[in-house]
Amino acid sequence: MLEVTLDKSRLQELLKLLGTDRRLVAPVVDRLGTVFSEITDPSLVCLEAVNTNLSPKEAVFPQWETLYTFEGDQVDKAELQIEETVLFGVRPCDARAFELLDRVFTWDGVNDPYYLKRRERTLVVALACNAPGEACFCTSVGGSPASEFGADVLGFDLEDCLLLRALTDRGETLLNSASSLTTAATEEEKKAAQNAAAKAEKLLTPVAVPEDLAALKESFDAEMWKELGLKCLGCGVCAYACPTCHCFDITDETRKGVGRRVRSWDTCAFSLFTLHGSGHNPRTTQDARYRQRVLHKFLYCRENFGEAFCVGCGRCVASCPAGLDLRAVLERLASTAKVT
Amino acid sequence: MSQVEETLKKEVTKLFEEETIDLFVGHEAAGVPLKTSACFLSSADEAKRLVWNASCATNLAAYLPQLFKRPGGAKGEWTAPKVGVVAKGCDSRSIVGLIKEKQIPRDRLFVIGVGCEGMIDRHKVAGALGTVGLAKAKIDGGSLQVIGTDGTQKSVELAEVLADSCRECQHRTAVLFDVDLSETSVQVPETSRYADVAEFESKSPDERWEFLVSELSRCIRCYACREACPNCYCQECFADETAPKWLGVTTDLSDVFAFHLGRALHQAGRCVDCGACVAACPQGIDLRLLNQKINKDVEELFGVQSSLSLEEAEALLCFRMEDDQSFMTEP
Amino acid sequence: MDPITNPYVPYPVRIDEVTIENDERDLKTFKLVFLDPEHEKAFAYTPGQFAELSVLGKGECPIGIASSPTEEGYLLFTVKKTGVVTGELHSLAEGKVIGVRGPLGKPYPIDRMKGKNVVIVGGGFAFTTLRALTQYMIADGNRSEFGEITVIYGARSPGELLYKEELKAWEARDDLKTIITVDKGDDAWKGREGFVPTVLEEVAPSSKDALMAVCGPPIMIKFTLPVVEKLGFAPSDTILSLEMRMKCGIGKCGRCNIGNKYVCKDGPVFTLEELNVLPAEF
Amino acid sequence: MTKKKDEKTSGNGWEPRIVAFLCNWCSYAGADLAGVSRIQYPPNVRVIRVPCSGRINPLFVVKALQTGADGVLVSGCHPGDCHYISGNLYARRKFALLKSLLEYVGIEPERVQFSWVSAAEGVRFAEILGKVIEAVRAVGPASKMVKELEEVT
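First to last, the sequence lines map onto chains A, B, C and D. Residues 25 to 364, numbered by the working numbering, are exactly what the first sequence covers, in order. Residues 583 to 913, numbered by the working numbering, are exactly what the second sequence covers, in order. Residues 2 to 283, numbered by the working numbering, are exactly what the third sequence covers, in order. Residues -11 to 141, numbered by the working numbering, are exactly what the fourth sequence covers, in order.
Because the hints were derived from the structure by calculation, they are not lab data. Careful: at least some of the hints might be erroneous.
DSS-like mimics (lysine-lysine), calculated; alpha carbons at most 30 Å apart, straight line [said to hold, decoys possible]:
| id | chain 1 | residue 1 | chain 2 | residue 2 |
| --- | --- | --- | --- | --- |
| 1 | B | Lys785 | D | Lys119 |
| 2 | C | Lys29 | B | Lys827 |
| 3 | C | Lys107 | C | Lys117 |
| 4 | A | Lys241 | C | Lys266 |
For reference, chain A alone in the conformation it holds in the complex:
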């Protein structure tokens, strides 16, 4: 496992190098905090960003993309063009989300060419957290401030320098290509990285996540959904900010026989999501729709993929306009589950 140290004074050079022949995407300061943005000026990259306003899933699963264009009844013959990208400064929770998304987009051997091509062309340089964000609970859902899942390189911010650890072959190649800027990490630095991660972990407030899947299944008929459904406004903020939500819509856009078929983010919270052409809707009320989002993540995904589709980034908590708090919902589910 290649571990190197980069003096922070050389960060700009590293970013420039990473961005050569590739699109560089990293957090920058925004009026609401921080956001992932395509970088043209490396000096704007912000290492302190904990939870960016939206997750970086856009890099592999954009808000919308053209599946193909067409003219009349002919589909465009062109091959999919995806730019090589390096995502820098991704927090471990968000990187872990990529690993979860991989499972959906390759599920049952059916590969999603759009997602996979983006994923294949995206290098992920993660940055371990030294302090938690506003509503973080990664350790309660199987993650940690220094989780290695889903990233090619994991960095540790050690005040004056960055320790960079290669996690994949691609990551190692990347670090080797920057070897003129780095030195081999010392034992002391490795230890400091470990300590920083351990310290960050202690700062997190644990959330009780329901473990008993059978009990969780029972909760389908729980009264609490009614109250939560009343509060839920039915917008898409939680799903769109979520690094693991991946539901989408496919629509056609056309003019004079020329057009495109696009896919775009969608969410089970929208009242029309499951509406049939006949007018029948299996989820007519908001409580059913809110429950679907929670149970899909914490029950159905666990049954299908062995893991909850939540990385504990807390974005849904921080950005919900209705003040719904997933952590509190989980705690309530966990306590009901214990009772039953």
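Fit chains B, C and D to the known structure of chain A by using the hints.
For chains B, C and D alone, coordinates are given in the frame of chain A:
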């Protein structure tokens, strides 16, 4: 405001005990600082959950129509509940609008009016904190003490982080109520309620366009603005219609403009500038620039503000023979 | 974009024949022919599966395949006019090219049916994939693989029955028991009258060594299932096909998710046993 | 969505495309009269007949701009002459707000115009339309609000 909170709790307790209401809609604390959540109380002993402070920005009127809809599975006779609600000036105006548009029944509603000195815009607090999250917050007189997730402490002027709608608000007490808890001390600011719009109007057309492009290119089409808005109760929004299909569902800028222009136009003569759309927007888009512009035009051209009374007709539901038509093209 | 490697790209097919199925003229059967023999080869399907019919510029809609793979050289889809895409399909004439994406989903458990008696109960326009199944079982060379086959099919009125000519041919066969019923007949109707569940109870096919496949409108299903139970068919031997809003058809987009199942990839064919443990969200 | 202007303006081939929403009872009849009276008016207009100017949904105008109209003309009966008594008077309020809002967001005011034309005013119709076309010609092809789709190869 804690005095008001106490009075509110007592009042709600009384309403339940006297069986004036079956359900009360108020604000309760949410999981993160400076955020509250709508709560739905059904008994007097739940009144203790209620809070009243500068983070009760939610326009509760948005939650009311659903409460008066016959539930899907209800059999036989069904009577709408008697619902109590706490209302700031803006909430009460939205309630007036919803009553006029027959979305909620006045006779099943008990409105507790409260005075409001403005609500905190969490986006502004987030901006003031910069790269760190908000761990704790405390209002201390005219200032807000915040502690970041990395431990940094900051003090910001409360006025600096108030929502733009609140800065320019001139209806700080309820316009419709059954009980009014507002204090006489509630001050109306001296600024014009259209100062922000007037400033924007003074820019060149290209500057305005470029600014709106930069704002609206932040839109992710999550529809939080729509869902948080009391006026957006359409069963099927024009943005979701497929026949005709008005616009695409992506963040293509043309479609984003069409959506927000369409939404603003649907609010014409109805928007009460409560700021719910701005507060709900996860991207902090200044949607008020569009809505408040229409409010300004409505007042200037037709001499009315939206939903101030049950009696006055809404601006687009009436006309005068002598309405302005100077904008029309003549040969 | 190659439809063989990209699951979102439809195979181009030509509409060879359009048949108006019912008096209300809102049900049409489209006979589709692949433009490229490679595509036809790649589209290997089994009765019960569905496909996304694609009209570029309008969108896609999931429709059960009404033909059986034993009918070579074409695909059949019976489409009800309900929305934007189906409305457009109904306006298309023979010769037009549309797209087909699939085959999608799990088929009827043909292997389990082999050597068994099979009871098919269908109602209204939901008969499409049951037609495919029946056609498959009675095809030359296949018939001997199955035991007794009973088909009970009903519609609101004689004019609403699908595949009218074919039903007559089935009734004439002696290796197939075909019972056709309508809720209410007209002057010309000489056949049976009565609701499907009632007729099923009268016919009372034995559940011994038998599987039952049921497909119909929700109200029919509701009243049929108790009869099915009374006849002694175990939930694991009762097979249904679900309808659900879908987009991708390949288990990604999340729209047809019910419990831990995705109707598009785990269904649309389920046993009653499987459905019984799913949340009632369909 | 900002279209490259030179594409459409280069060469002298560009002609403004105008969508005109005309009410059935007055303005459409006025346009018809202009036609049968052989009053010349430019061919750049695509007329969409609506029952009344009150039928105009502001989204019609937005949609026209999205789909590539360089200009939009909406025309109805003069106040007091509406076949439905007051449809145009309700509409007038909507039009005032729509016109103001589009201008406010930065769209050239020349692009969206409103007028009253009666069934007897063929000449007036031709004059107004000519004026609209010239105004749109002066500001050039529409770029803001136009939705662009990819080229198909």
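The hints, checked one at a time:
Distance hint between Lys785/B and Lys119/D is fulfilled; the C-alpha atoms sit about 27 Å from each other, no more than 30 Å. With a C-alpha separation of about 25 Å, the suggested pairing of Lys29/C with Lys827/B holds against the 30 Å cut-off. Between the alpha carbons of Lys107/C and Lys117/C the distance comes to roughly 20 Å, so the proposed pair stays at or under 30 Å and holds. Of the pairs offered as hints, the one joining Lys241/A and Lys266/C holds, with about 22 Å between alpha carbons and a cut-off of 30 Å not exceeded.
Hint violations for this structure: none, all hints satisfied.
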